[in-house]
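Enquirer: So the sequences go chain by chain: A and B.
Start counting the first sequence at 1303; every next residue gets the next number (the numbering used here).
Start counting the second sequence at 61; every next residue gets the next number (the numbering used here).
Treat the hints with caution; some may be incorrect.
Claimed, not checked - Dumping the calculated SDA-like pairs for lysine to any residue here, alpha-carbon to alpha-carbon at most 20 Å:
| no. | chain 1 | residue 1 | chain 2 | residue 2 |
| --- | --- | --- | --- | --- |
| 1 | B | Lys307 | B | Phe283 |
| 2 | B | Lys208 | B | Phe121 |
| 3 | A | Lys1427 | B | Ala83 |
| 4 | A | Lys1395 | B | Gln63 |
Said to hold, decoys possible - Listing some non-contacts, in silico: residues in chain A with all C-beta distances to chain B over 12 Å:
| no. | residue |
| --- | --- |
| 5 | Thr1304 |
| 6 | Ile1354 |
| 7 | Lys1359 |
| 8 | Leu1363 |
| 9 | Ser1375 |
| 10 | Pro1483 |
| 11 | Leu1484 |
| 12 | Pro1487 |
| 13 | Leu1516 |
Derived by calculation from the structure, the hints in this document are not laboratory data.
Computed from a predicted structure; not experimentally measured.
Note that the Cβ used here is the ideal one computed from N, Cα and C, for glycine as well.
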Amino acid sequence: MTKRLLLYSALIIFAVFFFYPFLWMVVTTFRPEADIGALSILPARVTLENYIAVFRKIPILRAFFNSLLVSVSVTAGVLAFCSMAGYALSRLKFRGRNAIFFLILFTMMLPFQITLIPQYLLMVKFHWVNTYLALIIPFTMSAFGIILFRQHFLTIPQDLIDAARIDGCSEMHILFRILWPLSVPTLVTVGILTFMTIWNDVLWPIIVIRNQDLMTMPQLVTLFAVGGRAEGLLGLKLASATLLALPIVVAYSFFQRYFIESMATSGLKS
Amino acid sequence: MKQNRIGWLFLSPYLIHFAVFLAFPIVFSLVLLFHQWDVVSPLKFVGLQNFTKVFQDKLFFKALFNTFYFLIIHIPLQIIVALLLAVILNRKIKFRGFFRAVYFLPVVVSGVVITMLWNQLYNLNSGLLNQLIQSIGLPRVAWLTSPKLAMPSIAIMATWKNVGLYVVLFLVGLQSVPKSMYEAADIEGASEWQKFRKITLPMINSTFFMVVILSTISGFSLFIEPYIMTGGGPMNSTLSAVLYIYKQAFNFYHMGYAATLGFVFAIILFTVVLIQRKVLERDVGY
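The task is simple: from the sequences and hints, build the whole structure.
Expert: Okay, structure coming up:
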């Protein structure tokens, strides 16, 4: 009995340790600047002025829209292109198939530190700096996504595909109309992984976007925090951080099981 | 025949993407290694000068040292906390899903948010941590302003952010250990610690390996945390590999040198992962 008590106490202490800072952050954003820094989470005075100031100082709604546009476009591209490649590698027989498969496995091991600089220079050459294209096109393919689709398509019975072919379905029709509805878990996994990676990425946007109207949300908030525009006011910084966290936390609270399972598969990468 | 054509057609987006966004940049980076370039003026061939410069560059070694300093704190801390929580959660626990979801929350939240939040927690005067420490009568700690402590502070924050993912990975590993092995050990009268040491640890070795590799890669990718918190300071004590590449490329426009740094760091990362693999595989081999 005491042992169980000990175990639960440990779990609860860690839960507080992971959750309290977030709670404190949200409460702090509703405090006037003078009250910030207090340990407690019960605000003495409540104000919306931090949020009003953030909306006045930076185009955060525009940045939210940019992030959404970029993340949705990339995710759609990854799902379409990776499932096509995964289908070709698992259910179509052609010469060179194994060579391509090993090429894909090999590219998964390449660290991004090698390609970062030349990819930026490519964006300069294409005149894609300061455009959505730089944020979208280079990411519409994922070696890991291809592998996941390939593994999944291998589990689908050949009879089903043969029957569709006899009925005269095109391979496109087979992939998108017959296999996709049978692949919802894989689509969800690849979708969440891609969306999260793109939504949270900061390094690449900081490199290729300088026009404030095209900035993604994490980029805008980062520059707001390290640049001078928050005027060192903590309430403002944390309010912008809370707005940045909000969309993902809302999505996570509804679909946490899918987030956790998807991100756990990313561990298999190594 | 028909499948041959369609197969390549279906792969064509991949092949185009590979050629443009991977093969070309890699070839181009190999060219850059031997050139000096500021983007505006033409490429200037400098032979092996970029490489000799790397090995004389004090900041390169500083960034390398900082990365290993980060890893030496981050990896053990990550493994101990994640394993502890996973072992507890693997028992008959009520609300297991709830606890797992809370521990996982920092994993999904953007690193920008986490860094801005911890920047305040670590604040010397008004930070929550120092308030707590002072309230029990201890002197305040210079979390981010002391060159010795700044990197460990970032490592603690990174652990706090990522540990939920590793709890889940360890849980998956733990659940694959057959129950019968523990039952057999119970019959032999083994203690909890013996069971953990002799059954659990060897059985989850592959998870262990995965956690070490993923943490190492994240250490070599560290960027936004020092970028927001310290800008690489104090005294370059939090200058990370990627932050240094970024500064060379986008503050000084030394593209050739930045590409060389990226290349050398990638080779080092590769070597480290290979060594870890060798060591950890030998550990299982009994």
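Enquirer: Could you run down the list of hints and mark each one as holding or not?
Expert: How the hints compare with the structure:
| no. | hint | in the structure |
| --- | --- | --- |
| 1 | Lys307/B <-> Phe283/B | holds, 11 Å |
| 2 | Lys208/B <-> Phe121/B | holds, 16 Å |
| 3 | Lys1427/A <-> Ala83/B | holds, 16 Å |
| 4 | Lys1395/A <-> Gln63/B | holds, 6 Å |
| 5 | Thr1304 | holds, 15 Å |
| 6 | Ile1354 | holds, 19 Å |
| 7 | Lys1359 | holds, 16 Å |
| 8 | Leu1363 | holds, 17 Å |
| 9 | Ser1375 | holds, 14 Å |
| 10 | Pro1483 | holds, 19 Å |
| 11 | Leu1484 | holds, 18 Å |
| 12 | Pro1487 | holds, 16 Å |
| 13 | Leu1516 | holds, 17 Å |
In terms of the numbered hints stated before, the structure departs from none.
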